[in-house]
Amino acid sequence: MDRLMTLAKSHSDQVELYFLEKSQNSIDFEDAELNDIKSTIQSGITMRIIKDHKLGFSYTKNFHNEKELVENAVDSLKGGVEARFDFPLNKTALTLNTYDSAIEQATNTRIVNECKRIYSFMPQKTNGQVNIGAVTATTKIRIMNSAGTDLLTKMSHYFITVSILYPGSEAGLFRSLAFKSFEKTDDQYLSDLAELYNKGERELEVTGGRMKVLFMPETLYALIWRLQSATNGESLYHQQSPLVDKLGEKIFDEQLTIIDNPLDDTKPHARAYDDEGIACKELSIVDKGVLNNFHYNLYYASKMNTEPTGHGFKTSRWPGDTISMKPSPVLRHLTIRPGGKEFWQLVQDIDRGIIVCGALGAHSGNIPNGDFSIGLAPGLYVEKGEITGRVKDAMISGNIYDVMQRVIDIENRVHAAYTGYYPAVLFGDVNVATKS
Amino acid sequence: MFDTLKSILSKIQAEYADIRHEIKKETRIAFNGKELTEIGTNTTDGYVLRILHKGGFSSVAFTDPANHERAIRTALENADLMTKFAAHPVVFKSTDIIKDEYIPNLIEDPRKITIDEKLQLTRRYNEMALNNEKVATTNINYVELIREKHFISTEGSEIKEELITTRISGLITSRDGNLIQNVRVGAGGSNGFAILKTQEDRFEKKSRIAVDLLKAQPVRGGRHNAIVNQNLGGVFTHEAFGHFSEADIIEHNRSMREKMQIGATLGSDIVDIVDDPTLPNQLGHYKYDDEGVAAQRTQLLKNGVVAGRLHSRRTAAAFQEPLSGHCIAEDYRYAPIIRMGTIFIEPGANDFDTLLDKLGNGLYILDAKGGQTSGENFTFGAQYGYLVENGKLGKMVRDINISGNLYNTLKNITAIGNDLQLSQTGGCGKGQTNIRSCFGTPHLIINDLIIGGV
Chain A
1 MDRLMTLAKS HSDQVELYFL EKSQNSIDFE DAELNDIKST IQSGITMRII KDHKLGFSYT
61 KNFHNEKELV ENAVDSLKGG VEARFDFPLN KTALTLNTYD SAIEQATNTR IVNECKRIYS
121 FMPQKTNGQV NIGAVTATTK IRIMNSAGTD LLTKMSHYFI TVSILYPGSE AGLFRSLAFK
181 SFEKTDDQYL SDLAELYNKG ERELEVTGGR MKVLFMPETL YALIWRLQSA TNGESLYHQQ
241 SPLVDKLGEK IFDEQLTIID NPLDDTKPHA RAYDDEGIAC KELSIVDKGV LNNFHYNLYY
301 ASKMNTEPTG HGFKTSRWPG DTISMKPSPV LRHLTIRPGG KEFWQLVQDI DRGIIVCGAL
361 GAHSGNIPNG DFSIGLAPGL YVEKGEITGR VKDAMISGNI YDVMQRVIDI ENRVHAAYTG
421 YYPAVLFGDV NVATKS
Chain B
1 MFDTLKSILS KIQAEYADIR HEIKKETRIA FNGKELTEIG TNTTDGYVLR ILHKGGFSSV
61 AFTDPANHER AIRTALENAD LMTKFAAHPV VFKSTDIIKD EYIPNLIEDP RKITIDEKLQ
121 LTRRYNEMAL NNEKVATTNI NYVELIREKH FISTEGSEIK EELITTRISG LITSRDGNLI
181 QNVRVGAGGS NGFAILKTQE DRFEKKSRIA VDLLKAQPVR GGRHNAIVNQ NLGGVFTHEA
241 FGHFSEADII EHNRSMREKM QIGATLGSDI VDIVDDPTLP NQLGHYKYDD EGVAAQRTQL
301 LKNGVVAGRL HSRRTAAAFQ EPLSGHCIAE DYRYAPIIRM GTIFIEPGAN DFDTLLDKLG
361 NGLYILDAKG GQTSGENFTF GAQYGYLVEN GKLGKMVRDI NISGNLYNTL KNITAIGNDL
421 QLSQTGGCGK GQTNIRSCFG TPHLIINDLI IGGV
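First to last, the protein sequences are chains A and B. Taking the working numbering, I'd label the letters of the first sequence as residues 1 to 436. Taking the working numbering, I'd label the letters of the second sequence as residues 1 to 454.
Same shape as in the complex, but just chain A (with noise of 0.2 Å):
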């Protein structure tokens, strides 16, 4: 890294080098059965280079192609793309436990067998078929500049997603649990899910219209997007946002209130510093349903003429090659602040409506709009404050400023969930199409 540093410096006015080193091992099971095991162990460099306030770029995963590196991002200078900021110096990155050493115990034999424990519960629980997905990785970070920044990072995970799935459907409940190593999957959680996918076990036409629907944290990225997307530096810079004026003024329900706080380090994959070395903070997003605060990386926050805030991340909606993407301004460590209800009270609490399991399609429609149109994969039908089966072929929609005005209670505890770590979230008066 150092020769590539003084090679790379003696072609620019600044450098910048992140180097990426991770190893993963995904466990998979469908019905009972060992179905796949898969490894991956997988190095690359990518680098940036600014020179007459423009900048290069270019990677690799082959660290004996330095001078092919260095040439790349040399060549990529000639489309004149704009850089109007600076490599940041960071001396000063907080220490967070983000690696637990017991994950270089937590063999795939050991994941085997806690699957296999699953399997041998679950029976007792539910007639239905379970499906578990399980992951360990270890990730290491470096991000070196030629501004002197040095930073080193080591990660551990261990994901583990437990599926019941509705006969003539790959459509059920799901559950993820987050650790930074192996922990054995609490049976209650385990209980909780198979619990819900009983009541749903009955298939229901119901009548479509306006009504409570209760998102499951699993569901609620759907939303989540549509905030993410209106938040961000980019969107803001390019007026794809409709919040761009609205900094200060209440945007949603005054029980929302969602933050960003990369420093968790109880969670995995705390950052002490985003993907270019910028020290990450906690953000408050939304306070009390009013918009606080925005999100950039460098570029866009010099495009802004405002601070980076740390959330420049090399990431994608879709699965992508990290080596490959430009740092862009992303929101990683979401959650959204617990209310006071257990999940069965909310439950109880609806008249008439629709928990959201399964969102369908949460990627298409009018995502800078707001707007959602998402497929039930399942919905589970309640009336009187109990569920009485599960809902297909029907679709809910609205738009995300509109129903999140209309927050009737959140639960009180978070999950791990796709985008971060969410409650149920209870809606009122949320459009809802069926068949009838």
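By construction, these hints were calculated from the structure, which means they are not laboratory data. It is possible that some hints are incorrect.
[As the list claims (entries may be wrong)] Straight line, CA to CA, 30 Å or less: simulated DSBU-like cross-link-like pairs of lysine-lysine: (1) Lys-34/B with Lys-51/A; (2) Lys-25/B with Lys-134/B; (3) Lys-54/A with Lys-25/B; (4) Lys-435/A with Lys-259/B; (5) Lys-435/A with Lys-22/A; (6) Lys-34/B with Lys-326/A; (7) Lys-302/B with Lys-435/A; (8) Lys-411/B with Lys-358/B; (9) Lys-9/A with Lys-22/A; (10) Lys-116/A with Lys-430/B; (11) Lys-430/B with Lys-51/A; (12) Lys-199/A with Lys-246/A; (13) Lys-287/B with Lys-205/B; (14) Lys-303/A with Lys-259/B; (15) Lys-287/B with Lys-197/B; (16) Lys-246/A with Lys-281/A; (17) Lys-112/B with Lys-435/A; (18) Lys-78/A with Lys-25/B; (19) Lys-435/A with Lys-54/A.
[Unchecked claim] Non-contacting residues of chain B with respect to chain A, defined by C-beta distances greater than 12 Å in every case (computed): (20) Ala-75; (21) Ile-103; (22) Arg-208.
Note that the Cβ used here is the ideal one computed from N, Cα and C, for glycine as well.
Fit chain B to the supplied structure of chain A, relying on the hints for placement.
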């Protein structure tokens, strides 16, 4: 490269092993609005090793050749675990031993075009969109992927194949006050650079639609009969049916496997569906899959009845069905999984005006905006549409998201057009992103679609 790969395979004590090395050269040019935000060419490479031993099967993807012994050790350990714990030993369907090199025909090799010419072309299409007053911004990208693959197996296959994909695609966003609308636009393919040079009409049309959507009314939610255009029909076919022709999706799903048996009636008797990666010059074209199996045209649905399935060597043996050559990886970061190549509904006899007459009242909906399936249910979004009244096209509508049911919706196809078109750009996110996923249909009438509205 074959010698390096042989040397690695020679260190493996197993019944079967294969290894694939890929060099991936990627050129990307990106405009966000009028600003160029990315330009450059980069090369990466890596290996995928797969081992089958005593009924246990496992794969390891690695990038540093110095890690090959660790990769072998890991793959053998994982295969051993599979042997101990898997309920059924893995068996591979036997396949021909192939020694071949395949380089597709190209109309203008993108490697011979300067990056400056690619930049100017991308800039031209981007500016066509931005020239509209109500277009707030764009996100237009040139992407060129050159994948040079070497595959060898302990059975003796040695295959070199190049896959070359080019496209200019992205998003055009219009805005009027707080109302924001967008449409996707894209052109490209697997047969060279030339196709990109004549796409002015496509970019002009989509820019106009982005602006027109600002005045369109949201569609009314509920049940509708609709004509879907070729692109939307393609996504519908891919999501509603295609994924459940992939044997790995249904292999361990008891109830779905039962419902998807060969001979089961899933569609109306006018519906024939085929997947054919051998079609030359199409986005989904390849000669050999990433297990070294020759790609084959596969009839999936014939007169509405399940007629075939897409397979890997493992699932073809498990289902006792023929190989199809559909086990594909996104690149060297992944072991291959079963994917569609070029899936389409075969054309019928109706021209578009006849379909409008047959529909009478309903919707004409066009161009996909993402789709997803959960097995029985699927959704897909349409970028725009028109009301149809008494067989005539009426006002434009927006915010169209559709839900359907695998076991019903194909039966609700009541008429098929004569105008099959296959997609020039694609993207399927089944674990890995397949940008060569190609699909299409003629215009179709589908009854009783559930539309969410807003």
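Hint-by-hint comparison with the structure:
1. Taking the CA atoms of Lys-34/B and Lys-51/A, the gap is about 21 Å. The hint holds against a cut of 30 Å.
2. A C-alpha spacing of about 37 Å is found between Lys-25/B and Lys-134/B, which places the hinted pair above 30 Å, so the restraint is violated.
3. Using a Cα cut-off of 30 Å, the hinted pair Lys-54/A and Lys-25/B holds, with the two alpha carbons roughly 23 Å apart.
4. Taking the CA atoms of Lys-435/A and Lys-259/B, the gap is about 22 Å. The hint holds against a cut of 30 Å.
5. Restraint check for Lys-435/A and Lys-22/A: the C-alpha separation of about 47 Å exceeds 30 Å, so the hint is violated.
6. The suggested pairing of Lys-34/B with Lys-326/A holds, with an alpha-carbon distance near 19 Å, which does not exceed 30 Å.
7. Distance check on the hinted pair: Lys-302/B and Lys-435/A sit about 28 Å apart at the alpha-carbon level, within 30 Å; holds.
8. For a cut-off of 30 Å, the pair hint linking Lys-411/B to Lys-358/B stands: about 17 Å separates their Cα positions.
9. Distance hint between Lys-9/A and Lys-22/A is fulfilled; the C-alpha atoms sit about 27 Å from each other, no more than 30 Å.
10. The straight-line distance between the Cα atoms of Lys-116/A and Lys-430/B is roughly 26 Å, inside the 30 Å bound, and the hint therefore holds.
11. As the CA atoms of Lys-430/B and Lys-51/A are separated by approximately 40 Å, the hinted pair breaks the 30 Å bound.
12. Proximity of Lys-199/A to Lys-246/A is assessed by CA-CA distance (about 42 Å); at most 30 Å being required, the pair is judged violated.
13. Distance restraint check for Lys-287/B and Lys-205/B: the Cα-Cα separation of roughly 34 Å exceeds the 30 Å cut-off, and the hinted pair is therefore not satisfied.
14. With a CA separation close to 55 Å, the supplied pair Lys-303/A and Lys-259/B exceeds the 30 Å bound.
15. Taken as a hint, the Lys-287/B and Lys-197/B pair is honoured in the structure, with Cα atoms around 26 Å apart against an allowance of 30 Å.
16. Restraint check: the Cα-Cα separation between Lys-246/A and Lys-281/A comes to about 22 Å, which is no more than 30 Å; the hinted pair holds.
17. Simply put, Lys-112/B and Lys-435/A have alpha-carbon atoms about 54 Å apart, too far for the 30 Å limit, and the pair is violated.
18. A C-alpha spacing of about 19 Å is found between Lys-78/A and Lys-25/B, which places the hinted pair at or below 30 Å, so the restraint holds.
19. Only pairs whose Cα atoms come within 30 Å are accepted, and Lys-435/A paired with Lys-54/A is rejected, the gap being roughly 56 Å.
20. The non-interface label for Ala-75/B is inconsistent with chain A: the shortest C-beta to C-beta separation is roughly 7 Å, within 12 Å.
21. The beta carbon of Ile-103/B sits about 23 Å from the closest Cβ of chain A, which is more than 12 Å, so the claim that it is off the interface holds.
22. Residue placement check: Arg-208/B keeps its beta carbon more than 12 Å from all beta carbons of chain A (closest about 18 Å).
Consistency with the previously given hints fails for numbers 2, 5, 11, 12, 13, 14, 17, 19, 20, ordered from lowest to highest.
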